[in-house]
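Asker: Just so you know, the sequences run in chain order A and B.
Under our numbering, the letters of the first sequence match residues 1 to 352, in that order.
Under our numbering, the letters of the second sequence match residues 353 to 917, in that order.
One or more hints might be untrue.
Claimed, not checked - List time: in silico SDA-like cross-link candidates among lysine to any residue, alpha-carbon distance up to 20 Å:
#1 A:K93 / B:A855
#2 B:K868 / A:E116
#3 B:K868 / A:F290
#4 B:K899 / A:E116
#5 B:K562 / B:G633
#6 A:K180 / B:P568
#7 A:K93 / B:T851
#8 B:K643 / A:F290
#9 B:K648 / A:V173
#10 B:K491 / B:Q519
#11 A:K180 / B:A652
#12 B:K868 / A:E210
#13 B:K773 / B:A412
#14 B:K890 / A:D115
#15 B:K637 / A:L211
#16 A:K208 / B:K868
#17 B:K899 / A:D115
#18 B:K877 / A:T184
#19 A:K102 / B:T851
#20 B:K637 / A:A201
#21 A:K93 / B:E850
#22 B:K877 / A:E210
#23 B:K637 / A:Q191
Source of the hints: derived by calculation from the structure; they are not laboratory data.
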Amino acid sequence: MIRTVKRGQATRMEKERVGVPDLPEQKRLGGAQMKPLTENAPKAGAVNQSSRFWTKAFQQRYLYMMSLPFVIWIFIFSYVPVWGWLTAFQNYKPKDSILNQKWVGLENFIELFQDERFYIVLRNTLAMSTMGLIVGFTIPVVFALLLNEMRGQLFKRSVQTISYLPHFVSWVVVAGLVSKMLSTDGGAVNQLLMWLGVIDAPVQFMAKGELFWGIVTLSDLWKEMGWNSIIFLAAMAGIDPELYEASTVDGAGRFRKMWHITLPGIRTTFMVLFILSIGHLVSIGFEKQFLLGNPLVSDYSEVLDLYALKYGIQMSRYSYGTAIGIFNSVVSILLVFIANGIYKRVTKESII
Amino acid sequence: MKRKMQTFLSLLLALVFVFVTACSGSNNEGTNTGSNNGTANEGESTEPMTIRLASGDNNANWDDMQSEVGKAIQEKTGITIKQEFPVGGSDADMFALMVASDDYPDLVMPKGNAGKLVDAGALVDLRPLIEEYGPNLKKVYGEYFNRLRWSEDDDAIYILPQAGVNQTYFEAGGGFQLQHQVLEAAGYPEIKTVQDYENAIKAYIEKNPKTADGQPTIGMSLNGGEWQILISVTNPAFYATGAPDDGEFYVDQETHEAIMHYQRPEEREYFRWLNHMNDIGLLDKESFVQKYDQYKAKIASGRVLGLIDQDWDYADAQNALKAEGKFGATYARFPVTLNESYQDHSFQGTGYLGGFGIGITKSAQDPVRLIKFLDYLASDEGQVLVNWGIEGKHYNVVDGKRVIPEDVQAMKSNDNNTFKKTTGIGNYLLSARYGDGVKDPSGNYYTTTFPEQIQTSYSEEDKKTLKAYGATTYKDLWPKDDAFPERKYGAAWTLPFETGSQANVIFQKTQDIMKKRIPEAILAKPEDFDKIYDAFLKDLEDAGVAKLNEEFTKMVKDRVALWSK
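Only chain A is shown next, with the shape it has when bound in the complex:
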């Protein structure tokens, strides 16, 4: 018994040292088979190389054909629209075709970067998305960890279901709930605080700009916590139980197991999700901010997308709106690469 466990541990350590991800046996073999193709290719001549490619392609023609629809799909819906970026350098009027417009160079970008309001909305966007990112990753992980430690299956399942149900509630409804709860006119939160004696008079939570980011983050947490933890729970379920047995034998307690087995076990999943979320830092949508906000807190509630809507599309300044869109996309791509780069440096693994 002891010997098998020890061997299990050793192989794992080896795996980590060489940096091969912890994959099932079959897949790893598949990976090994693919490898010679790419590694040997440079040795052969150029002609040889291309002919080899075509032989291989012919052999795998069904696989290629099966992937073709998806490639076309992505091309049509993700690459063709990029053509529209041209409008950012024009004074676009929908009457004429895109090539038949007045070109204005970088004018729209200059105006964008000179507008003070743009920096305010950028600050709000980044602040709210960063807060959302931190809270939206730590709490669900902790929640999943605790759920995972539970023994009673029935209780565990019901807690999980109850906690992810709010995910399916529309933001319109959530915004209504939140503003009712925080209302000064019989709102539950104010009544509770008054009863506890924390405050003397009802606080106008929704009218305080400095509280707005927190309110958005907390309502987002309430709505998405259970949902976000599902994927971590799934990742935890995939961890080899032998590891836990081995550490029990080695005398590790619950917290040690969580720290040394469960957390490292979900690291890859966590990092993939985290890096993808970083890519969405600037484009967090405007639904929650739009629905929870009001004129009094507009200095804290307005986000980039709302700004693009108001000063771009609503005023028929399509070019200006596109310029904001381009800024969004470029920043997102940069953020993803930076995050991935840092992760690669630290762990010698790459996600994308």
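Following the hints, complete the assembly by docking chain B onto the known chain A.
Answerer: Frame of chain A; chain B shown alone:
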């Protein structure tokens, strides 16, 4: 391995077949409806035809042509209207997206977004169509027909305004509102200035801190959380200080110089009064945070003593109160001003304003048929149908006079939402029409709003209150229509900015500043009020309000020149 692959592939194939058959099924349907449309176009003008109409104003009581009037119109013209409303956004989004996607319905009622559609070349010039097929349209607009032209440089007609021509106002929908029970308790005092208004509320709330069902009463509430901040908070500032509604501007009647109306020193004093109301706890603290439905729910609970709003904005909530029989909690309206030296200019004449209306888009299947449809609605027969309903059902002719039966009138005034939805009366004011107070050849009014009719629509509470003030309608409390000279430019709020122009951008910025600063100033401590109001004016300066004023002055002067031709 191989067998696995085969099962997988066959599964995939099966899936593909399912999709293909499903798709071809819907394709068949598609071609069917397509051919139906085709025959409809070729056939006679009463062949059934379905048209799409995008409306910028939400109408919760739209009946989908299922009402009695809707069916009558359908029978007469063969046209079925499918109406679309802004979903989850404003009308501005709806039409902007329409332009961006280049996908238009047959008819549009774009409110303030007509400029966008015209700039995009989406609207059809109606002038030639009206000349040929629209005798009734031409007749209704009459002497004001030249006011329909789009601009100095473009004499096309893109929009048929829907406001009543030659309208006489018999009823005033604005002003400051007070519950009948408040007035009764105070013995119907004079309500002329904000001070009178404040005193009435104060006296009542001291005696009745809670309603009959135990909820705390609210002194006054404003609908300031959404776009109605303009209706409920900022427009009253110029009404109360003796200026007419020129949108966000104040136009000097002599020189036609325009400034943003917040820059008038008088209005600072109005906002100072609101600030004072907040300070003494009579203003609902949630006025600028609440959403429209919260506002309506509060009113419908009967605990808001006073409002500053327009009747159409609080009508839903008041209808709910009426349906529950709480007539004491419904509202009377008064032309309240800041002090005795001002007069409410709500009814300063404008002449006929083009303004918001309906247009035909370039995607319309059959513009000729549509203009004939609109022409029918503008005919004497059509106007009576949309305003009065069907003879024998919604009105009777007694001695040559149209009379609304009592049960119909009771439903109309006490349960207007259901009334609108089932009868369709009020849902089809789509085309040119005469306003209130204009009589048709039979000697009856075209609309159902005339002095006697308004009085029958009043509840007993309304009548009691009006009697106490020696008036027959609320309008009687306002200064008479001819008390002020007519504005040569109509009303400045109908002047559209060129889309995407610099003035348009500055205007948007001033609106954002206003929506933040005005609530801030009102909710501030009284000693901070001036500081914040000064900061507000400074923000406006920084945003380029001087340039905006200059631009707007030019627009007003152009309008005066165009209309006096």
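Asker: All hints are to be evaluated individually against the structure, with a verdict given for each.
Answerer: Here is how each hint holds up against the structure:
Restraint check for A:K93 and B:A855: the C-alpha separation of about 17 Å stays at or below 20 Å, so the hint holds. The suggested pairing of B:K868 with A:E116 holds, with an alpha-carbon distance near 16 Å, which does not exceed 20 Å. This hinted pair checks out: B:K868 and A:F290 have alpha carbons roughly 15 Å apart, not beyond 20 Å. Between B:K899 and A:E116 the alpha-carbon distance is near 19 Å, which keeps this suggested pair within the 20 Å criterion.
For the suggested pair B:K562 and B:G633, the alpha carbons sit about 15 Å apart, so the restraint of at most 20 Å is met. At most 20 Å may separate the alpha-carbon atoms for a hinted pair to count; A:K180 and B:P568 meet this at roughly 17 Å. Restraint check for A:K93 and B:T851: the C-alpha separation of about 10 Å stays at or below 20 Å, so the hint holds. This hinted pair checks out: B:K643 and A:F290 have alpha carbons roughly 12 Å apart, not beyond 20 Å.
Using a Cα cut-off of 20 Å, the hinted pair B:K648 and A:V173 holds, with the two alpha carbons roughly 17 Å apart. For the given pair, B:K491 sits about 15 Å from B:Q519 by alpha-carbon distance, which is consistent with the 20 Å threshold. For the hint pairing A:K180 with B:A652, the CA-to-CA distance comes to about 17 Å; that is within 20 Å, so the pair holds. A hinted pair counts as satisfied when its Cα atoms are at most 20 Å apart, and B:K868 with A:E210 qualifies at roughly 14 Å.
Among the hinted pairs, B:K773 with B:A412 is consistent with the structure: their alpha-carbon atoms are about 9 Å apart, no more than 20 Å. Between B:K890 and A:D115 the CA atoms are separated by roughly 17 Å; this keeps the pair inside 20 Å, and the hint holds. A distance of roughly 17 Å separates the Cα atoms of B:K637 and A:L211; the hinted pair therefore holds under the 20 Å criterion. A distance of roughly 12 Å separates the Cα atoms of A:K208 and B:K868; the hinted pair therefore holds under the 20 Å criterion.
Taken as a hint, the B:K899 and A:D115 pair is honoured in the structure, with Cα atoms around 17 Å apart against an allowance of 20 Å. Restraint check: the Cα-Cα separation between B:K877 and A:T184 comes to about 18 Å, which is no more than 20 Å; the hinted pair holds. For the hint linking A:K102 to B:T851, the alpha-carbon distance of about 16 Å falls within 20 Å, and the restraint holds. The straight-line distance between the Cα atoms of B:K637 and A:A201 is roughly 12 Å, inside the 20 Å bound, and the hint therefore holds.
Proposed proximity of A:K93 and B:E850 is supported: the alpha carbons are some 12 Å apart, at most 20 Å. Distance restraint check for B:K877 and A:E210: the Cα-Cα separation of roughly 19 Å lies within the 20 Å cut-off, and the hinted pair is therefore satisfied. The hinted pair formed by B:K637 and A:Q191 meets the criterion: a straight-line CA distance of about 16 Å does not exceed 20 Å.
In terms of the numbered hints stated before, the structure departs from none.
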